[in-house]
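K.L.:
As you go down the protein sequences, you meet chains A and B in turn.
According to the working numbering, numbering within the first sequence proceeds without interruption in unit steps and concludes at 428.
According to the working numbering, numbering within the second sequence proceeds without interruption in unit steps and concludes at 364.
Everything labelled a hint here was simulated from the structure, so no lab data went into it.
There could be a bad hint or two in this list.
Sample of chain A residues facing chain B (criterion: CB under 8 Å; computed from the structure) [as the list claims (entries may be wrong)]:
1) 46
2) 47
3) 48
4) 49
5) 54
6) 91
7) 203
8) 206
9) 248
10) 311
11) 320
12) 324
13) 362
To be clear about the criterion: a stretch of chain B counts as covered by chain A if any three or more of its residues have a C-beta under 8 Å from a C-beta of chain A, and this derived list gives those stretches [unchecked claim]:
14) 208–218
15) 221–235
16) 347–356
Computed far set for chain B versus chain A, every beta-carbon distance over 12 Å [stated by the list, open to error]:
17) 131
18) 246
19) 262
20) 266
21) 343
Glycine included, every Cβ here is placed at the ideal spot set by N, Cα and C.
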Amino acid sequence: MSNGRFGIHGGQYIPETLMNAVIELEAAYEHFKNDPDFDRELTYLFNEYAGRPSRLYYAEKMTQDLGGAKIYLKREDLNHTGAHKINNVLGQALLAKKMGKTRLIAETGAGQHGVATATAAALMGMRCVVFMGEEDTKRQALNVYRMRLLGAEVVPVTTGTATLKDAVSEAMREWTRRIDDTHYCLGSVMGPHPFPTIVRDFQAVISREIKQQLQEKEGRLPDAVIACVGGGSNAIGSFYHFIPEPSVRLIGCEAAGRGVDTFETAATIATGRLGIFHGMKSYFCQDEYGQIAPVYSISAGLDYPGIGPEHAWLHDTGRAEYVPITDDEAVDAFEYLARTEGIIPAIESAHAVAYAQKLAPTMGKDRIVVITISGRGDKDCAAIARYRGEDIHE
Amino acid sequence: MSNIANAFARGKAFIPFITCGDPDLETTAACVRACVANGASLIELGIPFSDPTAEGPVIQAANLRALTGGITTDRIFGLVRDLRRDVTVPMVFMTYANVVFSYGAERFISACRDIGVDGLILPDLPFEEKGEFLPLCQQYGVDLISLVAPTSAGRIAMIAREAEGFLYIVSSLGVTGTRSEITTDLASIVKVVRANTAIPCAIGFGISTPEQAVKMADLSDGAIVGSAIIKLLAQYGKDAPERVGAYVRTMTEALRP
Chain A
35 MSNGRFGIHG GQYIPETLMN AVIELEAAYE HFKNDPDFDR ELTYLFNEYA GRPSRLYYAE
95 KMTQDLGGAK IYLKREDLNH TGAHKINNVL GQALLAKKMG KTRLIAETGA GQHGVATATA
155 AALMGMRCVV FMGEEDTKRQ ALNVYRMRLL GAEVVPVTTG TATLKDAVSE AMREWTRRID
215 DTHYCLGSVM GPHPFPTIVR DFQAVISREI KQQLQEKEGR LPDAVIACVG GGSNAIGSFY
275 HFIPEPSVRL IGCEAAGRGV DTFETAATIA TGRLGIFHGM KSYFCQDEYG QIAPVYSISA
335 GLDYPGIGPE HAWLHDTGRA EYVPITDDEA VDAFEYLART EGIIPAIESA HAVAYAQKLA
395 PTMGKDRIVV ITISGRGDKD CAAIARYRGE DIHE
Chain B
108 MSNIANAFAR GKAFIPFITC GDPDLETTAA CVRACVANGA SLIELGIPFS DPTAEGPVIQ
168 AANLRALTGG ITTDRIFGLV RDLRRDVTVP MVFMTYANVV FSYGAERFIS ACRDIGVDGL
228 ILPDLPFEEK GEFLPLCQQY GVDLISLVAP TSAGRIAMIA REAEGFLYIV SSLGVTGTRS
288 EITTDLASIV KVVRANTAIP CAIGFGISTP EQAVKMADLS DGAIVGSAII KLLAQYGKDA
348 PERVGAYVRT MTEALRP
């Protein structure tokens, strides 16, 4: 079998036109990941530009309110551009620049990855084109403006369901049109090898920091790490350094939309089955003939019919658990964290908060739960207000 | 020897592509018969996929029309069974890996043999991943057709050496769709192909005019045309077969020595 497998998942199911591009990318990555200069430059960008390390905050009021395990929040929302996406983007943009590429293309769902890519492109003097489902450009109008402000071109994608999966397809098509000067800055731990590995490695800084910060604060490992999962980049970043620590439960929260027993869901592990799509073998929401299902979630960032191949493998082996969280539960959690801790999480991250609200009370006070707040919720305020029947304009 | 070789036995091959079920299976059947009656050498039948990442807007739209019309893999197998009552030219399926995988690879590929489909083109199954389906294709005598692209530098010989049926040469960068000009150095690609395999090769992507078809077929063993035909289906729907036949005639006449 080929490269880049996580158990049976992963691989490189892409058009021949792109094969040399991913081979070249892998070779460059293998070289630069061991290059001390690259590491120094990236660390500098992480610390001085993105504001790392991000805080590990003891959520005392939430802990008291839930009455169980001690809750820490990994504050990726405090990063520059407001989400964990910047970790991966700075890594890939730097890599692309070293490879001599002058143009970045990206897909985006909620707009966070698009904003991060536009930001890195502005910083490094590269051109940038972001593909975004037309539906999402409406849900996340503010982020469209931010990308344009940063000098990127935003292309609304009208094909298919006009959401994240269609944005990925269109970015892949654009990459086959123009490879020489262009790097496809994929935003999650998905797609063909080597993307799931590259993105994971750049996001692994999250769990590296959690481990160290919790050691300093508590002198021990957490009992559970909870993160939301669409493609799964913040989750794999949060899990990675804990995978070899069997005492740490790893819990990924999928977007159940209106419920896993409805068609309006994006919970891949709960409702999908094994398939081959967007360059990888993994689990996908699909019909009996393999047609990819139109998925739904209130969260544009989790509104994707697949899951990264390493998550599929962690699910197969039982090392990580994946739980569905509905729109209603996520919106409640969005409001709960705002009122309880004065922190407005991204609606994506609110899925993780929602599961922590269920889990923490069942655990003893001597237990520790870490929730990754993958992004900030400012972008979601208008949509949540509408969800609650209040029509406000951004 | 593969039945596909017959498509290349009488001069340059003309290979039309049709998306099954666009707008319905009756029209697809009529189009295939019109292609055959007008000299097509091999028929490429597209099984629609919800997210065809190698296709341009024209074929994407055809996929959508077909799926909206309720087309399924099983109904397409029925279509081919019906066509095989009178159509003898080789036929191959063009679809995406998930359509085969999800159906059950063995169930799909054995069905291909049973209904008379000679080959399988999967644009998202590169050389590195062909182990996914190749053993089953060989077991059931269905040719797994390989593609080479303008960006295949250093890979052409490797791909050609193991190619089956015919080798599909992608004319230019990007997705399917008509192009006014094809600038790739295809002669150099064909040279490497010829040095590494005896099977025929045909060029596709971007071809719409008889002049382009002649130019491409001169460089290789045949020309593949998709989007130009699908445009006729988009425009004329159920009335397309006659126009598709007339179009195919202009192409096959241009290719005749």
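K.L.:
Confirm or reject each hint.
P.N.:
Okay, the hints, checked on the actual structure:
Taking 8 Å as the C-beta cut-off, the interface hint given for residue 46/A holds, the closest approach to chain B being about 6 Å. Look at residue 47/A: its Cβ gets to within about 5 Å of chain B, closer than 8 Å, so that hint holds up. At a threshold of 8 Å, the smallest CB-CB gap from residue 48/A to chain B is about 6 Å, leaving the interface hint in force. Evaluation of the residue 49/A hint against chain B yields a held restraint, the C-beta minimum of about 5 Å falling below 8 Å.
A hinted interface residue such as residue 54/A counts as satisfied when its beta carbon comes closer than 8 Å to some beta carbon of chain B; here the least separation is about 5 Å, so the hint holds. Taking 8 Å as the C-beta cut-off, the interface hint given for residue 91/A is violated, the closest approach to chain B being about 40 Å. Because the beta carbon of residue 203/A sits about 5 Å from the nearest beta carbon in chain B, less than 8 Å, this interface hint is met. With a cut of 8 Å, the hint placing residue 206/A at the interface with chain B holds, because the nearest CB-to-CB distance is about 5 Å.
Interface hint status for residue 248/A: violated, as the beta-carbon distance to the closest one in chain B is roughly 41 Å, over 8 Å. Restraint check, residue 311/A versus chain B: the minimum CB separation of about 5 Å is within 8 Å; hint holds. The closest approach between the C-beta of residue 320/A and any C-beta of chain B is roughly 6 Å, which is under the 8 Å cut-off, so the hint is satisfied. Using the Cβ-Cβ criterion of 8 Å, the hint placing residue 324/A at the interface with chain B is satisfied: the shortest such distance is roughly 3 Å.
Nearest Cβ of chain B to the Cβ of residue 362/A: about 28 Å, over the 8 Å cut. The hint is violated. For the region 208–218 of chain B, the assignment as covered by chain A holds, since 3 residues bring a beta-carbon within under 8 Å of that chain's beta-carbons and 3 suffice. Using a Cβ-Cβ cut-off of 8 Å, 6 residues of the region 221–235 of chain B lie near chain A, which meets the minimum of three, so the contact claim holds. Here's how the region 347–356 of chain B fares: 0 of its residues keep a CB closer than 8 Å to some CB of chain A, so the rule of at least three is not met and the hint is violated.
Listed as a non-interface residue, residue 131/B keeps its Cβ farther than 12 Å from every Cβ of chain A; the least gap is roughly 17 Å. Taking the minimum C-beta to C-beta distance to chain A, about 19 Å, the non-interface status of residue 246/B holds against the 12 Å cut. With a cut of 12 Å on Cβ distances, residue 262/B falls inside the contact zone with chain A, its closest approach being about 7 Å. With a cut of 12 Å on Cβ distances, residue 266/B falls inside the contact zone with chain A, its closest approach being about 8 Å.
Distance check for residue 343/B against chain A: the nearest CB is about 23 Å away, which clears 12 Å, and the non-interface claim stands.
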